[in-house]
Each structure stands twice: as C-alpha cells, then as structure tokens.
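Given the coordinates of chain A, work out where chain B should sit on it, guided by the hints.
Going down the list, the sequences are from chains A and B. Residue numbers are given in the working numbering: position 482 of the first sequence equals residue 482, and the series is strictly consecutive. If you want the working numbering, it's the 1-based position in the second sequence plus 1000.
Be a bit skeptical, because a hint or two may be false.
Claimed, not checked - Computed cross-link-like contacts, EDC-like style, restricted to lysine to aspartate or glutamate with a CA-CA straight-line distance of at most 20 Å:
1. B:K1129 <-> A:E159
2. B:K1140 <-> A:E159
3. A:K158 <-> B:E1130
4. B:K1168 <-> B:E1269
5. B:K1167 <-> B:E1076
6. A:K368 <-> B:D1069
7. A:K155 <-> A:E107
8. A:K531 <-> A:E435
9. B:K1129 <-> B:E1076
10. A:K98 <-> A:E146
11. A:K155 <-> B:E1130
12. A:K393 <-> A:E374
13. A:K445 <-> A:D457
14. A:K511 <-> A:E435
15. A:K368 <-> A:E433
Unchecked claim - Facing chain A, from chain B, some residues (calculated, C-beta under 7 Å):
16. V1103
17. Q1108
18. G1124
19. F1128
Calculated from the structure, these hints are not laboratory results. Yeah, the Cβ is synthetic: ideal placement off N, Cα and C, and Gly gets one too.
Given next are the chains, with one letter for each unit.
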Amino acid sequence: MVDQIAPEQTHTIDEAIAVLKQRFPNVVSDDSRPGYQGVVIEKNRLVEVATYIRDQLGFDYLSSATAVDYHGLEGSTDHLEMVYHSYRISGGSALVFKAQTEREQAEIPSLIDVWPGADFQEREAWDLYGIRFPGHPNLRRILLWEGFGGHPMRKDWKEPYYEQEHKPFESRWPAGYVFRAEEKNAYGHNVQYPADFDLSRLKDTSDEDVYNSMGLGVDVQSLGGDDISTDRLVVNMGPHHPSTHGVFRMVMTLNGETIDQLEPVMGYLHRNHEQIGERNTYIQNIPFTDRLDYLSSMGNNHGYVLTIEQLLAKGARYQPPTYRAEVIRVLMVELQRIVSHLWSVGFLLNDLGAFFTPMLYANNEREKILDFFEATAGSRLMCNYMRFGGVFKDVPERIYGVANYVNDRVRDVDTMEFLTAMINERLPRFLDEYEHYLLDNEIIKTRCIGVGVIPADMAIAYSCAGPLLRASGVPYDVRRAEPYSIYPELDFDIPTGENGDIYDRMVVRLKEMRESLRILRQILPRLESTKGESIYAGRRDYNVRAPLGESYARVENSKGELGFYVVSAGDPKGTQNPWRYHIRAPSFINLTALGPMSKGHKVADVVTILGSIDIVLGETDR
Amino acid sequence: MALTTQKELDLRQIHDTEFPLPDEIQGTLAVTSLSRIYNWSRRSSMWPLLFGLACCAIEMIGMASSRFDFSRFGMEVMRASPRQSDLIIVSGTVTKKMVVPIVRIYNQMPEPKYILAMGACASGGGPFKEGYNVVSGIDKYLPVDVYVPGCPPTPQSLLYGLIALQKKIDGQSIANADDVPWYGAGPSEPTPIPILGPDIIDPRQMDIIRRQAEYAAQGKPYGVRELPPPMEIKKKVSAKAAALAAATVAAAPEPLDENRLKRRMEALERRRAFATKNPEV
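The shape of chain A in the complex, shown without the other chains (with noise of 0.2 Å):
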C-alpha cells in the first residue's frame, strides 16, 4: 500500500514514517522503546535523510532539536540522543527522529545547514551535554563561559572542586547536623583541589574568544569609492543595558555606524531549570515554570500541565481535566496573552525612545488584568495555578482589592462583572486609544517599517515562532496547527502581517489582543454556564506516577510555540523525577534571526529589532 503514496502526499505520521523507511532501508528504523514515538536515524546519514524529511515529505519547520543523556538509566543501553521534532508548517503533528551516539567522542553531523534554526540549540546541546557537532561553524559555549569544567546536563557530572555528588546534601541530617549548602561549595572547606592546581591558568578568555571571533581590529577598509578609511570597530552592548531587556548582550562590528555581523552573547541568567526540573518531582517543576517567561506564568503553567497530561495519558488512571477546568485555562493564558503583548509593545516603544510613557500607558491596563491573578492565585506575577487534570483553584465570587494609593478605595467587586467589564469595556477602549495613537504616528512608522525584515522562507527556516513568524505572512499559530484544549471550538483568527518589518510585529501584537479578547468574549458565557462544576478530575494526585515513555507538547505562548519536552524513567517504587525536561524556549530560538535581521541596520534599528522579536531572558537563559 505504501509505495503508491508520493511523498509529498503523506497525511499522516504513520505514513511518513512507512515512506521514510522505505527509502532509506537500513538508515531509518522505528523507535521501539516502549511509549516512544518516531524513528532513529543511522546518525552518518543524518543530514542526508533530514533533507528528505524536509523537501520531500515537507516538514519544513524544526520546532525542537534538544540531547538526553540515557546514562545509568535502567534498561537503556548508555548513549547521548538527539532528539528532533519537525513539523510542517500547514499543520499537523511531529515527526521525531533521532540519532544516537556513544558517551566518549560523542559526535552527530551538525543540522545547520537543513534548518539555521538548529545553530542556538546544537550550541545548547555542545554547552551542556558535551555533544560535538561536525559541520557548525561556530560552536562555542553558549550558555556557560568558555573554559567551565564539564558539560553540567550529563547525568555523572560533578561540580568542579565539589566533592559531593548532589548538592547541597545527599543527607539533611548527616551525622546529626546540618549542613548548609554554603559549607560545602568552593570557598568552604568541603572542596578537593586537584594537586596540579595553578592560579595563573584561571582566566576568563570567553570575552577575548568574542572579540577576536568578531575581527577585533583585523583590518583597515576603505568605504565604498570614498577615500575616507574606516576601522572596522566591535562594539559592545550588554549585559547592563537598558535596552536589552534584561541581561542579555550583543557584540557588533560596525563599519562605520552599519552593521557587518552581530553575536547575540547569553547566559546571564542560565539558572539551570532544566537540571533542577530533573531533580525535582513532576508537580515541584510547576513554579519553576512561572519563572520562564516570567511575563506569561500561566501560558508557561498551561504548556507543561499538557505534557505531563499526554504523558500521563499513556497510564491506566488518566482522567482528562474538566471542561470548566479547560475553560478556566483558556481564561487565564488568553489573559496572560493580553498582559504579555501590552508589555511588549509598550517597550517597544520604549526602544524607539518614547521613554517611560506609552509603558506607563500599558502598565495601567497590565495592572487591572494583574489584580484578577491576585485574587485568583494569590500572586500578580508567578501563579502557579495549573495542575495536571485541572487548576489549583476556582475562580473567586467576588475580588476584594487593597488600598493603594492616598484616599484609595478598598475594591471590592464581583469577579464576573469585573472580567465583563474588562474585555468588553474597558481592554477595548484602551487598545482604540493605543492603536489610535501608536499606529499612524510619523516616528513610529519612519522608524519601523521596512526596518528588520525576514521573509517569510527565512523565518520559516531559522524556526521563528510567534508574532515575528506570523508577521512575516506565515499564518502559524500552534492553537489552529496543532489544536489543544478547547480551542477547536472557539472562533478567532490569526493576524498575519505582510512585509515582516518591526511595525507589522507591532501590529500583529496589537491584533493578537483584539483576537484574544474575542476568545474571551466567548469563554465568559461559559464560564458562567459551568459555574459549580469541578475543576478538578477525579483525585487530586500530589505525587503523578507517570508511566515510561517521552512526550512533548507545544502551546502557543505570547512569545511564540512553547514546547516542553519530558523524558520518564518509569520508576514504579519512590517519588518521581523527569529523566529529561527540556524546554523549547521561543525566546532563545527567536533570537537565532537576530543577527541575519541585523546585518545592514544601524545600530539605533537593533534595539528596535531586538524589542520586535520581544525576548524575555528567564526564557532565553533557563
């Protein structure tokens, strides 16, 4: 039956699959591991089968390319994989492949030339798993600096000097004391200096390795015809910047005041969610993803609470969450939505040097939105509100505000008068206002239009997700290509923009939030109709036994697709930690257009491109 099937005419995974098989006999096999899905690829052959993948078979859109370490996991043979998921751009499900190497001299042919978009990830993977990438051409440690002892994600890695295996302590009460973990690091006493040990050789080159990367001072050129003779100078931006929004770094050459290459520089706030995620049990990981995207808590709440739900479906006692969960969900990320984008925009224009004021302006709405998550969840930024097969909490009768300000009044309001209200009164009133403002001012658009732009093929290729992806003319938003939740049934659009400049991201944002306010108009009928019924399905499980197997699932989150990628172990016996949790951050990805979008602008224009693609950096550095 499969070989009447054109390749380009695959409709599903299973069929893609056959095809792929087929072709490459011997290369490509099932991956037979029990609840994993996709195929492995005879890793010499890699690149050539990729290439198939994307031009015949049309998965044209890598979403996800991450490592697992598979050491002293029992059952498995003692490998590094890389894991790829691609999707095509009409819609659809993912087609995994994967490739496997050995622990020493691991090595897998480098993806950079099929999909650009896989250079920040192959980087990531070289960084922490010690994974060589033949064929990339610029891999260097991305997260950490250069000269950091070890690759931190492999499963037997020690801390440099740091004698214990797990910090801070295997034991709380060893020997009938405790320790705190500042007795056992580098500058205490617990520590084990190898004897050849010599200060002098402890030097931080990684600045030194940018600057000379960049041509730092390598030649004099004369500019176009003219005989006035330039150096060619790198400059540095970051990470205290206030423009980077965060700490985030840029080293540029400039010739003249235009710019010849840009290296984004990041790390600065790596704080290792991903190993601590595997540390800690499956619903501990829940707060620990608030502090992603630490602008949209609950988009982030809502991407891991599905994957650890699809894994769990895999199980025997899965029961799916509630509809009025569901339309709880919907609620609050298409709210979160709102408050990301409003600040979004609202430092873009802080970029573009109207300092403080159209902030201020988005911030007064941002508030408004931040009150409800108060009273819901008890906290305005990190809510920690979802849980697998529900939310924590119902939404309140009635919200009770505090006093502010001088002769402020104590609020206090029904809670579905207060959202009616504000999405049918209130939000859209303010984004009249905003767009009546912003979108026709003569800065704004002298500024913006025709300015970072990345077409549609390009985007698609370096895996933007998003708002920059979509302004591009790429109608791509995870809620319709890959649907989740109850969004089937609600009707929305996806704005599109047409030329994929820094306006057409603006207004693609500003659309965005008509699009959710849309969405919200019609959850708040259901909200009301399912008021009384549970938000929970079935028992409330604190400690989930999550049966073996991988899944990844994606949301659309304000910044772009949202993937969370969770290998089990399956330990039947004991509290239950991810093998693998990896986060596929559109942050981080998004930002591996920034030097091609750069190249040619002037200096002024990378603030504005950078605020366009509208990064946050607990998201980029994890």
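Same frame as chain A, but now just chain B:
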C-alpha cells in the same frame, strides 16, 4: 525630591528632634545638625540604577510606574549609568556569569552607595540556589544594606524596603567613620572581581585555595570540615521500664558526702524545732 508637590520646604523635616522647639514656631524655625540635613538631602534624592536581572525586575518596573509610583520618595530618576546612581537594586537571580559584571558595576558607582537585595534569589539563592551556575545571594560578594523577601516581592514590599533604606540613612552620622566609611582617609578599595575558571573563584579566598592546593600537592589531608563528634541520641525510657531496670540491677547507693549529710541533718533539726514551736502550721 520628596517635596516636589509642596511649594515650600517643610522645616519639620529637617528639624533635629534633639533640640526641642515650641510647637508654635516649628513651621518657621528649625534647629538642626549637619548630619541630619546631610542625610535628609541624601535620602530624599536616592537615584537607583536602571538595572533589571530577572523576574523581580518586572515588579521593580511595576513599582516605578504610575500605580505604585516610587517617585513619591524622591527616586523617580532611574539612571542607566552606574556613575550617576546611588543605589543598586539587585532584582533577580545572580548567576556566576553575571556576578562579574555586577561587581564591576558596583565598583563604578560613586560613594556613598547602597545595595538592596530584592527577592529570594538575590538574598540567598532562592529556588535556584542549587543550580550549578547560581550564586546563592549577592551578599557573597557585595555588602547588602536591605533585603526584601518575596518571590517576587510585590511592589508594596519593595517600597517598604526602600523606606527602610531611607531610615537607615537617617540613622547614619557623619561624625562616625564606621557609619560613613567613604569619608575615611584615601580612596576606598574596589571589590575584587571574581574569576571565571572551571568554577567561579573569589579572589578574596585565594589564600585558602592556594593553601589547600599546596596540601593537596603534598598529599596532606585537607578540605575536611572539622565536625564535632556525632551527637548522642538519648532514648526516652518510660518510668515503668526504668523501675524494672532498677529492680533487676540493684545499684549500690551512692555514699553521701559528709558535709552534705551534716547540712541535711541540721536542716532537719531546724524543721523539727519549727514544727514544735508552731504546731498548727
């Protein structure tokens, strides 16, 4: 300044309460000390550094914007340059990679300078304390004046922390060199910048590290934390079991000390004499 909304300077703010004045002239006359007026002007125009690290920075901006509005306390000017700022709000997780620029920025700030550690991460590592790239608190490297707990702290609590810092400044005295070390003789020492080796190395710990490396080269024991002997855990014994144990092992009664016996007998005598005198008691 704190007084931007008022047309005239309210003299009560700079009046030093050590010098009593009658109520009726308090609005027109102020007697004050140099320290007082100096501190008052300093704390009413604290300029924070525009410096956001992580999640807490969002709440810091929230505090700066119109709802909470920290310009009420004379702090509305957030400067992006460390050369122009008096206060650095460490708002977020301090990673090993980031602590190097932070120490550099701190060294560039002119004195008098203050540090406010905002949130759990900056105060002590917070939820990410055990990460391999996380410094457990900025106070491992820099002196912190005010800690604000929370993850993240609400804008209200950050405002409270800033008011606490103002109170701290009010309490400083120019006469006391411990309070205001920047008026000491000569320029103050910059904080040594940490080195990023295989792990982060604090240059102030170099001596210890060098000594330990020497011990390691000589094969001597090193790097062992001196533990007190393990604690003895005493089991609670019930009275019944104790009586049983006493019955089985008849312990010889301890001979009483001679002096003690004598004192006890005397006390007994006194008590008998008292009882015979007052039979009704």
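- Checking against the hints above, which ones are violated? 4, 8, 9, 10, 13, 16, 17 and 18
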